[in-house]
Amino acid sequence: MSILVQTDACVGAGQCALVAPDVFDQDDNGIVLLLEPDPQGADLAAATRAVRLCPARAIALSTT
Amino acid sequence: MSAPARVVIVGASIGGLTVAESLRDEGFDGEITLLGDEPHLPYTRPPLSKQILAGEWQPDQAAIRTAAELDELGIRVLTGRRATGLDVGARTLHTGDGPIDFDELVIATGTEPRRHPALAEASTLRTMDDALRLRERMEAARRVAVIGSGILGSEIASAARKRDAEVLLVGRSGALGFGGVGTLLSEELVRLHEAHGVELSLRAELVAARPAGTSTAPDATELGFADGTTRTVDLVVTMIGGTPCTDWLASSTLELADGIACDRLGIAAPGISAVGDVAAWFDPITGRHRRVEHQSNAIEQAIAVAGRLAHGAEGAQPVPLFWSEIHGTRIHAYGWFDPERPLAELPKSAELPNTAESVGTVFGSHDGAGELRGVVGWNAPPRDFRTARAAVVTSAHPLVAHS
Ligand SMILES: Cc1cc2nc3c(=O)[nH]c(=O)nc-3n(C[C@H](O)[C@H](O)[C@H](O)COP(=O)(O)OP(=O)(O)OC[C@H]3O[C@@H](n4cnc5c(N)ncnc54)[C@H](O)[C@@H]3O)c2cc1C
Ligand code: SF4
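Protein sequence lines, in the order shown, are assigned to chains A and B.
Numbered per UniProt numbering, the first sequence spans residues 1 to 64.
Numbered per UniProt numbering, the second sequence spans residues 1 to 403.
Rather than coming from a laboratory, the hints here were simulated on the basis of the structure.
Hints should not be assumed to be uniformly reliable.
[Said to hold, decoys possible] Computed from the model, here is a short list of chain B residues facing chain A with C-beta under 7 Å:
#1 THR44
#2 ILE64
#3 THR66
#4 ALA67
#5 SER296
#6 TRP323
#7 ARG330
#8 ARG386
Source: prediction; values computed, not measured.
Quick reminder that beta carbons are idealized off the backbone N, C-alpha and C, glycines included.
Let the sequences and hints guide you as you build the complete structure.
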């Protein structure tokens with residue numbers, strides 16, 4: 001599993017950094033920053049939740 | 001509780017799709033059918049009035065999932081299929097192509113734009129097809145009038161200014177609204193529009209419109225206002241709110257008021273739930289049934305309903321979260337806002353350098369007991385907004401005292 005982010009779709013809502021703070025952060029403009037592209041265990045569960053919650057569908061989980 | 005065998009979802013947009021995906025996240029292995037009347041696979045609507053209208057994105061950038069991905073998830077998607085009726089007792093959905101039986105139905109049919117009585121034919125915006133049509137008309141328009149003082153009116157005015165059109169934004173109530181924040185941000189929004197050259201007419205009642213095409217401006221329309229003034233423009237867009245898509249449920253036994261009345265878990269009747277813009281969940285915070293027209297609300301309600309259908313889990317009550325971008329200014333709102341109480345600026349967090357990019361404001365909304373119940377980030381530094389968000393009291397005690 002790896003995380004893909006699409007920064008041009010991000011609206012800076014910060015759901016990701018709030019539910020998975022070890023995987024995502026935001027830059028000064030609020031745009032998502034990927035801290036951990038290949039999260040494991042609890043971080044993976046949190047990242048999956050962030051993917052679902054992101055209101056802009058700007059992050060995705062990839063199985064490849 | 002045992003999981004249902006067949007889940008049918010009506011409305012193939014963010015709410016409906018998130019129910020389907022979340023059911024699979026929760027390990028549900030029954031049949032999932034997602035049907036919607038648009039010809040497209042699910043896409044996100046927020047970019048329609050922003051990147052799509054401004055010409056910055058192509059339609060496929062708003063798509064959410066490919067047909068192959070949906071197939072892999074075992075979600076059967078029927079596009080171009082309209083639900084026409086519902087038999088609550090028999091658990092049968094009627095569609096243009098025949099009935100579909102279900103064990104659980106989730107309704108996520110959203111809203112459709114309200115038509116202005118004087119301007120029934122004017123452009124409006126809800127779907128991708130609307131956005132592409134409007135984009136084409138906007139390319140040719142030098143003078144644009146936007147009727148509607150809500151957030152989408154502001155966004156469309158902003159998109160038209162990006163194209164250098166002359167823009168008139170017309171409202172009736174004297175103030176500009178911002179979703180669940182009501183008109184508490186009106187002064188800031190007025191200043192923002194004025195700084196970007198939008199002409200505002202916020203106490204104007206549109207009473208008539210007639211074609212006024214000339215050889216140089218074939219699409220011109222003359223707008224007439226209640227005070228006797230007129231204005232000629234090349235393009236009129238009406239954005240005066242939406243009505244829930246429940247006409248197809250009129251002969252069912254579901255309780256319809258403003259939307260589909262549901263309990264606090266989203267249940268409308270045994271075996272029938274509703275999520276998103278069409279659903280009026282009971283809100284313990286305000287003590288009322290309330291519809292919320294925000295993307296995040298549709299997503300959180302969808303996740304909660306999927307958890308309940310898959311294994312009886314009771315999810316947390318969604319907290320309203322909304323964002324917009326107007327003339328390049330990013331605005332986020334989280335929580336509840338009492339229209340009677342003005343917003344107060346919250347202090348900036350000390351550890352952040354006040355660089356040019358991070359000048360922005362966080363406003364707070366407090367209830368009668370002085371507790372923080374909502375926050376607005378106005379170009380706010382993201383960490384400031386997150387810190388403020390975390391301080392919002394979301395426990396279920398009422399916001400406004402009422403009878
Ligand atoms: C232009 C625009 C910009 C927006 N910008 C923002 C924003 O910046 N931030 C934000 O938080 N929110 C925004 N929103 C609101 C957000 O898009 C909605 O809250 C969200 O789309 C609601 O999702 P939903 O699934 O409940 O309904 P919808 O997205 O409305 O989907 C309902 C679907 O059901 C279909 N349908 C209706 N009736 C039937 C039927 N009888 N049979 C079959 N199918 C049917 C409809 O055609 C539609 O495809 C915006 C909305 C619009 C229109
Ligand atoms: S949740 Fe989505 S939109 Fe919000 S900051 Fe993260 S990636 Fe961006």
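These are the hints, each one checked on the structure:
At its closest, the beta carbon of B/THR44 sits 6 Å from a beta carbon of chain A; the interface hint therefore holds under the 7 Å criterion. Annotation: B/ILE64 was flagged as interfacial toward chain A, and the flag holds, the nearest CB pair being 5 Å apart, inside 7 Å. With a cut of 7 Å, the hint placing B/THR66 at the interface with chain A is violated, because the nearest CB-to-CB distance is about 11 Å. Look at B/ALA67: its Cβ only gets to about 16 Å from chain A, farther than 7 Å, so that hint breaks.
Evaluation of the B/SER296 hint against chain A yields a held restraint, the C-beta minimum of about 5 Å falling below 7 Å. Among the interface hints, the one on B/TRP323 holds; its C-beta lies about 5 Å from the nearest C-beta in chain A, closer than the 7 Å criterion. Nearest Cβ of chain A to the Cβ of B/ARG330: about 6 Å, under the 7 Å cut. The hint holds. Taking 7 Å as the C-beta cut-off, the interface hint given for B/ARG386 holds, the closest approach to chain A being about 5 Å.
The earlier numbered hints that this structure contradicts are 3 and 4.
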